[in-house]
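Engineer: Protein chains in written order, with my numbering: chain A, 1 to 225; chain B, 1 to 225; chain C, 1 to 225; chain D, 1 to 225.
Just so you know, these hints were derived from the structure itself, not from any lab. Keep in mind that the hints are not guaranteed to be accurate.
[What the hints assert, rightly or not] Below, in silico cross-link-like pairs of lysine-lysine (DSS-like), each with a Cα-Cα straight-line distance of 30 Å or less: (1) D:Lys137 x D:Lys98; (2) C:Lys137 x D:Lys137; (3) C:Lys98 x C:Lys18; (4) C:Lys74 x C:Lys98; (5) C:Lys18 x C:Lys65; (6) C:Lys18 x B:Lys139; (7) D:Lys98 x D:Lys65; (8) B:Lys139 x B:Lys171; (9) D:Lys65 x D:Lys18; (10) D:Lys18 x D:Lys98; (11) D:Lys74 x D:Lys18; (12) C:Lys65 x C:Lys98; (13) A:Lys139 x C:Lys18; (14) A:Lys171 x D:Lys137; (15) D:Lys65 x B:Lys139; (16) C:Lys137 x C:Lys74; (17) A:Lys171 x A:Lys139; (18) B:Lys171 x C:Lys137; (19) C:Lys74 x C:Lys18; (20) D:Lys137 x A:Lys139; (21) D:Lys98 x D:Lys74.
[To be verified] Just a sample of chain C residues kept apart from chain D, beta carbon distances all over 12 Å, derived: (22) Leu87; (23) Arg114; (24) Glu141; (25) Gly222.
[Stated by the list, open to error] Among the chain A residues that face chain C by a calculated CB cut under 8 Å, a handful are: (26) Cys160; (27) Val188; (28) Thr190; (29) Ile209; (30) Ala212.
Cβ atoms here follow ideal geometry from the backbone N, Cα and C, with glycine treated the same way.
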Amino acid sequence: MSVLSRNQMAWRAAQDLPDGGVVNLGLGMPVLVSNYMPADRDIFLQSENGILGVGPEAEDGYEDRNLVDAGSRRITLRAGASIVDSASSFAMIRGGHIDVTILGAFEVAVNGDLANWDSRVPDKGPLVGGAMDLAAGAKSTWTLMQYNTRDGAPRLRHACSLPLTAPGCVKRVYTDIAVVEVRVGGFVATEIIPTISAEDLRARTGAPIAIAGDCRPLVAPMIEG
Amino acid sequence: MSVLSRNQMAWRAAQDLPDGGVVNLGLGMPVLVSNYMPADRDIFLQSENGILGVGPEAEDGYEDRNLVDAGSRRITLRAGASIVDSASSFAMIRGGHIDVTILGAFEVAVNGDLANWDSRVPDKGPLVGGAMDLAAGAKSTWTLMQYNTRDGAPRLRHACSLPLTAPGCVKRVYTDIAVVEVRVGGFVATEIIPTISAEDLRARTGAPIAIAGDCRPLVAPMIEG
Amino acid sequence: MAIDKRVQSAADGIGPVKDGAVVMVSGFGGAGFANILQDTLLEIGPRDITLVANSATHPFSHTHKLVEAGLVAKVIVTAARGRGSDLSPFELLWRDGKIELECVPQGSFSERIRAGGAGIPAFFTPAGYGTDLCAGKEVREFNGRPHVLETAITGDLALIRGDCGDRYGNVSFRFTQMNFGHAMATACAHTVVEVREALDEAMPQEEVQLPGVYVNSVVAVGGEP
Amino acid sequence: MAIDKRVQSAADGIGPVKDGAVVMVSGFGGAGFANILQDTLLEIGPRDITLVANSATHPFSHTHKLVEAGLVAKVIVTAARGRGSDLSPFELLWRDGKIELECVPQGSFSERIRAGGAGIPAFFTPAGYGTDLCAGKEVREFNGRPHVLETAITGDLALIRGDCGDRYGNVSFRFTQMNFGHAMATACAHTVVEVREALDEAMPQEEVQLPGVYVNSVVAVGGEP
């Protein structure tokens with residue numbers, strides 16, 4: 001088995017979402033998680049522009065430009081959904097009412113520091129959006145990202161080199177080759193794809209990483225696309 | 001003409017309310033002001049439990065126990081009314097969106113200090129309600145009260161003897177014998193009932209009081225009750 | 001599992017309550033008192049609770065039953081004065097030093113509770129500055145005006161009265177029934193709402209006034225609208 | 001005089017705007033952009049304005065026209081990055097030091113605006129602590145966790161998009177159209193709302209999402225729902 005595709009990574013993260021929970025999915029890859037929610041769990045997706053209960057994307061011809069999520073996707077509402085204004089939505093986020101937020105990430109440090117908002121592209125303006133509030137406010141912050149950069153550099157590091165989103169917030173990291181928990185003692189791999197050895201994983205990590213005693217193979221079903 | 005009755009005092013205060021304004025009336029005598037709103041002015045009454053646009057009291061048989069004002073009166077709504085929760089209502093008050101609040105008062109000091117919430121009755125518990133927020137938040141705070149206590153002591157004083165509601169907030173005082181403005185230099189009577197001399201007024205005041213150059217007679221129509 | 005927050009009884013909704021719990025109870029002026037839940041709390045009988053409610057003495061709220069039964073160690077309120085000159089159950093205990101009182105200006109009361117639910121540990125407000133109720137609180141000037149620092153209030157249990165509720169915990173209120181209900185629900189670890197009617201279908205989003213994320217249990221208790 | 005806040009044109013609603021004004025513009029992700037009002041502001045042409053909007057670069061918002069025309073001295077935003085690698089009008093000016101940028105986490109952004117309208121000059125939040133965006137801000141621990149002090153944002157003019165509006169200035173929003181509209185309306189000295197439809201009758205109280213007290217002018221501009 002090869003590394004996980006983006007959709008497989010999203011599938012994997014979805015499997016850990018708590019039944020009955022409230023979940024906020026960040027822009028980019030995390031939004032894909034919504035496509036793989038376990039059928040036996042009833043989960044409310046929150047979107048920081050004010051939606052509690054985001055449903056599937058609207059079908060062609062049924063879009064409403066005033067019904068969008070934080071990623072500007074034209075979406076629908078699920079049963080039981082409600083809508084509030086932005087200040088109330090972030091009161092919900094900051095107040096600890098979101099069980100899990102899954103965010104994209106550039107880097108995660110061994111102490112849980114997250115860098116996901118500013119990759120320092122020259123002259124491009126900043127875009128922070130709700131990332132800092134989500135990372136600081138959610139009960140659990142998970143990240144979904146490639147294990148390494150395109151250049152092969154580690155994203156799991158001693159310390160973030162890019163500007164922080166929030167200190168010490170990341171609890172778990174889902175990647176294309178491993179699932180990693182950020183514990184008090186540091187990174188602990190709890191799942192690794194079968195084609196990668198522990199040694200390979202260590203070589204691709206920028207800080208010490210332990211292998212959990214009960215570490216399992218990271219596997220995902222075949223998903224198109 | 002004798003001293004003004006409670007209803008006449010309420011009538012007099014009502015004549016100064018700004019057209020198109022938002023007004024909060026305190027418990028007790030101030031609520032009577034709502035009975036005398038000038039017919040040519042369109043005024044929204046706010047009630048701190050969350051109503052913008054309080055209408056008349058509900059008629060017998062049409063009361064709804066979930067439609068009450070801050071004085072627990074079962075009321076109706078006027079056209080254009082809306083209802084918010086308590087936190088939003090006080091955001092409205094504290095944020096300076098109330099043009100005038102008319103409050104009852106025990107004492108007003110020459111610098112505008114207001115004491116209206118704690119008369120120090122032995123063993124009785126305190127009741128502050130929204131008075132401090134209204135006094136601090138409204139654009140103008142007026143008081144409606146008898147000029148003197150039942151014992152004849154002055155309510156307009158050098159300094160309040162009772163616990164403060166808010167410092168320096170009172171702009172104008174409507175009473176049974178005079179209308180008094182609280183200006184930077186101190187109390188200035190702008191209207192006095194015809195049967196009281198300036199000297200009498202000074203004798204009944206606990207601090208220096210000037211008589212406005214354009215001081216007029218305080219008169220009110222006959223009102224039953 | 002499909003979310004269904006509707007429960008058969010108030011006791012099922014409240015569950016166990018530990019001694020020393022901080023309990024918030026909604027209601028203002030006869031609107032929105034969670035009296036059936038308060039009666040149930042009386043039966044559960046936790047000791048040394050802190051009661052957060054607008055009034056410790058309102059005759060229409062069963063708060064006074066909890067006080068009279070000796071369950072309450074402390075109240076945080078805006079009103080604690082019984083009607084008339086006789087002493088209410090609260091005032092008797094308070095006079096004898098058997099119950100602690102924190103009296104808070106109503107706007108600071110509702111904003112402190114909102115802050116508790118919104119992840120804001122403290123904020124500055126002009127209300128209460130210079131008064132006995134804010135003696136000893138930190139003061140800072142903004143825009144040339146002194147403000148006091150007020151801290152958030154959070155709780156273990158919120159008891160709220162609403163009009164309708166659905167399986168997702170969404171709640172609507174009738175007129176001024178909302179008052180403190182929204183803020184309290186956000187500020188407590190466990191929130192139970194007694195509603196006139198539990199709905200079989202999800203509430204339309206535009207009717208939701210308290211999103212289900214803030215509600216743990218909904219119990220239908222009937223009653224007039 | 002009977003209140004009627006409906007006006008014939010956006011220019012009538014906005015009136016004169018002084019150079020250096022702080023202008024807030026609602027909208028998020030294509031929902032609720034006050035574009036007709038922004039076009040009118042462009043014609044009015046005040047110089048050196050500070051623009052408070054979620055994004056300085058959203059292609060669907062006419063904010064970029066104001067920036068491109070050189071009217072904007074400073075932006076307070078959560079996003080200032082144009083799509084793709086080319087530089088947006090904002091980024092070009094920013095690179096050349098011709099426009100000032102304050103980038104704010106979105107939850108702090110909306111809460112600072114709410115605070116501005118609610119008479120709260122400053123509050124503590126955990127969001128942004130330890131990040132570049134909050135460098136130099138006052139830090140204080142609450143419950144063992146560091147928080148930063150954020151200050152209120154107020155404005156001279158708010159440009160809001162709503163769905164329906166009535167003569168009293170009451171406004172309803174469609175789905176996520178509300179976003180920052182409510183908070184911005186409360187935080188500005190003068191608020192204009194462009195609505196799809198101006199109503200002849202007062203809006204029923206349960207449909208009001210932005211109470212008229214916060215709105216100075218309503219202008220009907222049509223458009224799809």
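Engineer: If a hint holds in the structure, say so; if it does not, say that too.
Structural biologist: Going down the list of hints, with the structure as the test:
1. Between the alpha carbons of Lys137 of chain D and Lys98 of chain D the distance comes to roughly 25 Å, so the proposed pair stays at or under 30 Å and holds.
2. Straight-line distance between C-alpha atoms of Lys137 of chain C and Lys137 of chain D comes to about 22 Å, which keeps the hinted pair within the 30 Å bound.
3. This hinted pair checks out: Lys98 of chain C and Lys18 of chain C have alpha carbons roughly 20 Å apart, not beyond 30 Å.
4. For the suggested pair Lys74 of chain C and Lys98 of chain C, the alpha carbons sit about 9 Å apart, so the restraint of at most 30 Å is met.
5. A hinted pair counts as satisfied when its Cα atoms are at most 30 Å apart, and Lys18 of chain C with Lys65 of chain C qualifies at roughly 18 Å.
6. This hinted pair does not check out: Lys18 of chain C and Lys139 of chain B have alpha carbons roughly 45 Å apart, beyond 30 Å.
7. Under the criterion of a C-alpha separation no larger than 30 Å, the hint pairing Lys98 of chain D with Lys65 of chain D is consistent with the structure, at around 15 Å.
8. With a C-alpha separation of about 10 Å, the suggested pairing of Lys139 of chain B with Lys171 of chain B holds against the 30 Å cut-off.
9. Taken as a hint, the Lys65 of chain D and Lys18 of chain D pair is honoured in the structure, with Cα atoms around 18 Å apart against an allowance of 30 Å.
10. At most 30 Å may separate the alpha-carbon atoms for a hinted pair to count; Lys18 of chain D and Lys98 of chain D meet this at roughly 20 Å.
11. Distance check on the hinted pair: Lys74 of chain D and Lys18 of chain D sit about 15 Å apart at the alpha-carbon level, within 30 Å; holds.
12. Between Lys65 of chain C and Lys98 of chain C, the direct Cα distance comes to roughly 15 Å. Compliance with the 30 Å bound is thereby established for this hinted pair.
13. For the given pair, Lys139 of chain A sits about 23 Å from Lys18 of chain C by alpha-carbon distance, which is consistent with the 30 Å threshold.
14. Distance restraint check for Lys171 of chain A and Lys137 of chain D: the Cα-Cα separation of roughly 27 Å lies within the 30 Å cut-off, and the hinted pair is therefore satisfied.
15. With a C-alpha separation of about 37 Å, the suggested pair Lys65 of chain D and Lys139 of chain B falls outside the 30 Å cut-off, and the hint is violated.
16. With a CA separation close to 20 Å, the supplied pair Lys137 of chain C and Lys74 of chain C stays within the 30 Å bound.
17. Only pairs whose Cα atoms come within 30 Å are accepted, and Lys171 of chain A paired with Lys139 of chain A is accepted, the gap being roughly 10 Å.
18. Among the hinted pairs, Lys171 of chain B with Lys137 of chain C is consistent with the structure: their alpha-carbon atoms are about 27 Å apart, no more than 30 Å.
19. Only pairs whose Cα atoms come within 30 Å are accepted, and Lys74 of chain C paired with Lys18 of chain C is accepted, the gap being roughly 15 Å.
20. For a cut-off of 30 Å, the pair hint linking Lys137 of chain D to Lys139 of chain A stands: about 25 Å separates their Cα positions.
21. Distance hint between Lys98 of chain D and Lys74 of chain D is fulfilled; the C-alpha atoms sit about 9 Å from each other, no more than 30 Å.
22. No beta-carbon of chain D comes within 12 Å of the beta-carbon of Leu87 of chain C; the shortest separation is about 36 Å.
23. Remark: the non-interface label on Arg114 of chain C conflicts with the geometry, its nearest Cβ contact in chain D lying 10 Å away (cut-off 12 Å).
24. Under the 12 Å C-beta cut-off, the non-interface status given to Glu141 of chain C relative to chain D is violated; the minimum distance is some 9 Å.
25. Against the 12 Å criterion, Gly222 of chain C stays outside the reach of chain D, whose nearest CB is about 22 Å from its own CB.
26. For Cys160 of chain A, the shortest C-beta to C-beta distance to chain C is roughly 23 Å, which exceeds 8 Å, and the interface hint is violated.
27. At its closest, the beta carbon of Val188 of chain A sits 29 Å from a beta carbon of chain C; the interface hint therefore is violated under the 8 Å criterion.
28. At its closest, the beta carbon of Thr190 of chain A sits 25 Å from a beta carbon of chain C; the interface hint therefore is violated under the 8 Å criterion.
29. Hint status for Ile209 of chain A relative to chain C: violated, with the closest Cβ pair at about 32 Å, above 8 Å.
30. Interface hint at Ala212 of chain A: violated, since its Cβ lies 29 Å from the closest Cβ of chain C, which is beyond the 8 Å cut-off.
In summary, the structure is inconsistent with hints 6, 15, 23, 24, 26, 27, 28, 29, 30 from the numbered list given earlier, while agreeing with the others.
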